[in-house]
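Since chain S is already given, all that's left is putting chain X on it; use the hints.
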Amino acid sequence: MIPQVKNAVRRAISAGLERSGYTGEMNEEAGAAVAAALGARRHSVAVGSSVAFAGHQLVWPSVGRARLVPIEVPAPARDEVTIEVLASCVSPGTERAQYLRLPNARPTLPFSPGYSAAGRVAAVGRGVSELTPGDLVVVPRLHHASVATIPAAGAIAVPPGVPVTEAAFVYLAVIAGYGLVCSELEAGEGVCVIGAGPIGAAAQRLAAARGAGTTTVVARSTASEAVAHAGHADRFVFADAADEIAEIGASVVVDATGAPDALATAIAAVRTGGRVVLLGSPRGVTESLPLGTIRRKRAELVGAHISSSVRRGRLDGIDLVREQSKSFLRELADGRVVVADLAGDPVDPMDCDHFYRSLAEQARPAHFAWSELSDSDRLRRVRVWRAPRVGGRGLSSEHNQLPPSAELRRRVDAELTDPFRHASGRLRIGLLGCGDIGLANAAAVTRAPNTELAVCFDPNEALAEDIARTFGCDAASSSDELLAHPGLDAVLIAAPHHLHAPLAIAAAEAGLHVLIEKPLANDLASAISIAEAAKRAGVECTVCFPFRLEPGVLAARLLYEEGAIGEFAGCTVFYRADKPAAYWLSGYSNRASSDWRRDRASAGGGVLAMNLPHYVDLIRYVAGGVEVDAVTAMEAPGGDEIDDAMTVAVRFSNGSVGTIAGDARSRGRVPTEFMIGGTAGTIVLEPRGYVFSGRSVAGLAGARWHALPETPTQDVRAVFVSRFATAVDHGERPEVGIDDALAVQAFLEAAYESSKRGVSVRPADLLAAGWS
Amino acid sequence: MTTAAIQNLAAPPGATELYVDVDWLREAGDGAFLYVRDGALRASWDEGAGIPTDGLPAGDAAGRFLDLTAERAVAAVSHVSGTVEVVGEGAVAQLVRSRLPQTEPDAGPPAAVIECTGDAHAIETALRRLDDLGTLVVAGASTVESLRIDLYPDVHVRALHLVGVAVDLGDEALLDRTLLPDLLLTSLCEVGGEGGGREGCTWLRIRPAGSRRQS
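Each protein sequence line maps, in turn, to chains S and X. Numbering-wise, the first sequence is residues 1 to 772 according to our numbering. Numbering-wise, the second sequence is residues 1001 to 1215 according to our numbering.
Hints are supplied without guarantee of correctness; some may be wrong.
Using C-beta positions, here's what the derived DEER-type ranges look like [what the hints assert, rightly or not]:
hint : chain 1 : residue 1 : chain 2 : residue 2 : range
1    : X       : ARG1128   : S       : ILE318    : 44 to 50 Å
2    : X       : LEU1185   : S       : ALA242    : 41 to 47 Å
3    : S       : SER62     : X       : GLU1104   : 35 to 41 Å
4    : X       : SER1081   : S       : VAL310    : 15 to 21 Å
5    : S       : ARG381    : X       : ALA1107   : 52 to 58 Å
6    : S       : ALA153    : X       : ARG1128   : 33 to 39 Å
7    : X       : GLU1104   : S       : ALA223    : 55 to 61 Å
8    : S       : ASP261    : X       : SER1081   : 34 to 40 Å
9    : S       : ARG322    : X       : ALA1004   : 57 to 63 Å
10   : S       : ILE318    : X       : ASP1038   : 53 to 59 Å
Here are some chain S residues the structure puts well away from chain X; computed CB gaps all over 10 Å [said to hold, decoys possible]:
hint : residue
11   : ASP79
12   : ARG210
13   : PHE236
14   : ALA239
15   : LEU291
16   : GLU300
17   : ILE318
18   : VAL338
19   : PRO346
20   : THR417
These are calculated hints, taken from the structure and not from any lab test. Backbone N, C-alpha and C fix where the C-beta goes; we use that ideal spot for every residue, glycine too.
With the rest of the complex left out, here is chain S (with noise of 0.2 Å):
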């Protein structure tokens, strides 16, 4: 194609993706796509074939990105193969270094990793006879990916009864082999390796089943000891243990460490007139090579890369890539050489940014097993007709996410529908309080098929009296009626802050179960007092949070418990509104006028108190077992006057750090946002609900952003309050117990001392103090 015809087509893809939603990173990850699906439709015609095969592979598109991308090739050529990979090697010190981008590892980017696989021949071009469909083979060149066409010379037939995952394993053997054969070693002497990663243990085997006398594993760890026993070599020494390597006195020493300063331990471990192998990609400058030891050993250091393999081979005539991997699956069909634990863990392809991010930790033995990806994904066979499949949805937090996987939704919807299945027992109930959240919460327990609305009260009749006419129930005259009234079972509490704990506690005295609308009370004394009542009736008493139970909050906790994000790592909580001046003297609505809202000691506080509990009960939801260690915050205005925005800093039991803030004066509707982090995701709850992980949970594709289910059809209050019936019939915990609601509390209590005290303050601390 010429290239002006080449550019125009780009330029025409690039703009249809940019019409689509698709920026930035997606627009070259789809652009990408396309080109490669063209280039390989392009050589199928060419070589006379109607179809391409599509597939996946690896990809490092920026530093510390790893990703799994759509990718396409061609129908086989004359002479060529298309592998249908089931399994690929990961060299973990290399491919650690080439993603830390230490020292003489720093490739181009964007990148594809790889090593070598095992896999299928799906199909074959012409000339090829000695491979046909369905022979399992070895690549000993190969990046990540789930489908190659590569000249058929390049593959190599696996002998009968080797298992996959250590066939793949034959380019790090090669590389282990190619270091003895650079050494020269002869049968009968000794070997040493320095390190027992995967080559240097390969070095170590390979040595061992080739005829070398003593074999010898220097290393650091008691893991590398138990490498070491494993492949049965006659000694190890730890790597500082200086005085044992001084009596090594091996005649091949192989350092396979890639670290610059284990030179001086494999010079110290050759004998004299031996020969040290320099198999490990020294990742940056060696500072003390020691010249005289090398001297005075008379020594020699051999340079071993797998790169000089093809000069070395030239000159003997032979393919010594081949050969090595041919010597090394007759030994391992051979049972002479054994690999599986140097093989590793299987590591599902879609969890490949979570993969490189721990590999980046600590390097450890593993293979990407592509028999983890649908069938469809690993090896399609596509018509060059066809539209290709487009890849880079997902990669944007806020431009075309992928949807919740089926599976999500599947889950989520489990714990959706008909969600008064389990419903029981019949909850008369009393509501105390009939402003606003007095109107909704009737409103809620009318709608609960085990709940019933017996009778409210509210020191306005005129409200009280238009609950009653609604939800036709009885008006109460008095708190003290309501309580007396004839079969209640509970009551809910929908009052100003100050009167939750008069209300709560002569309930409790009554009898009565409670629920109380956030917070539990205007002070952690109060709410304390709550709870000690409770206790001493034996009563069940919740706070309704019930925004626990939205399809997005449940695929939230679900993912967390599975692992989605890793370990939390902190949140951050900007809840915005602009709260009009009416608000502070009659609410939203303008149903009742009072002033209680505005006054610190009736509240207990402002958006802090008002707005923010829901948060602090998400977080300690979501990521369940994770508390706030301690907070410090500042409010404004501050005084006596209550907080119109605060912000918490806020430091949780695990040592992660997050924000929790408040603005009830954020003019221009500017929307809330609440992401809770993790180490391998990130779970975005508000303005909508995303997860992006690293991993592949619960059919989520790795290291993309998925939207999560949407906002509920189902009323969570009316949910809420049937969920605490059926737990009261059942003698069982509340969906929120009292410690949750204590908990929440003293966050609130601690942050408004702090903001008072400007010090850091503990909310354990607060309430072990408020129990009597």
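Just chain X, lined up with the frame of chain S:
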């Protein structure tokens, strides 16, 4: 060879003679040398006892040391087919040259380099000059015990060989009484501790100032 390099050599207490390949001299005076003390030939880089010369002139043992070094350096490249380059102008370098087969110099990079100076910079540049899979023989006595070097681009990737060559002062071959090669006999220069020397010197016998003893 400069007068300063000779003057700056710090002779050990009691040393009666110093023997130096001119490639070992360093302006700063930290060059390597052989020396005679208490009837034994010793080396500045080795704190061992040295080898008693047993009536053999110390200069003969020192010359034998240089000759053996050259012999082993040449043996280290016996497998090499291609150009062998020799770095240095001293006795060892000249002995090496005399032992290597005469070949037409190749236009390409050398297959082997025999480095006779022991100088760190010379070693590094020799590594860079070598052809892939080439061999560097480190044959120069030196006080450089260690080298700061990135082994990746040359030694590792290009699969170079770095071979150490040394003669142990306990080696009985040093007392071989056969005649030294002419090249050694004719290129030894006698200089005082104050410096001096003439053109064509490849190795030196230096008598430290104040020493009245003769070998």
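Against the structure, the hints come out as follows:
| no. | hint | in the structure |
| --- | --- | --- |
| 1 | X:ARG1128 <-> S:ILE318: 44 to 50 Å | violated, 29 Å |
| 2 | X:LEU1185 <-> S:ALA242: 41 to 47 Å | holds, 45 Å |
| 3 | S:SER62 <-> X:GLU1104: 35 to 41 Å | violated, 53 Å |
| 4 | X:SER1081 <-> S:VAL310: 15 to 21 Å | holds, 19 Å |
| 5 | S:ARG381 <-> X:ALA1107: 52 to 58 Å | holds, 54 Å |
| 6 | S:ALA153 <-> X:ARG1128: 33 to 39 Å | holds, 34 Å |
| 7 | X:GLU1104 <-> S:ALA223: 55 to 61 Å | holds, 56 Å |
| 8 | S:ASP261 <-> X:SER1081: 34 to 40 Å | holds, 35 Å |
| 9 | S:ARG322 <-> X:ALA1004: 57 to 63 Å | holds, 59 Å |
| 10 | S:ILE318 <-> X:ASP1038: 53 to 59 Å | holds, 58 Å |
| 11 | ASP79 | holds, 29 Å |
| 12 | ARG210 | holds, 20 Å |
| 13 | PHE236 | holds, 26 Å |
| 14 | ALA239 | holds, 19 Å |
| 15 | LEU291 | violated, 5 Å |
| 16 | GLU300 | violated, 5 Å |
| 17 | ILE318 | holds, 15 Å |
| 18 | VAL338 | holds, 28 Å |
| 19 | PRO346 | holds, 31 Å |
| 20 | THR417 | holds, 61 Å |
Of the numbered hints given earlier, the model fails hints 1, 3, 15 and 16; all others are met.
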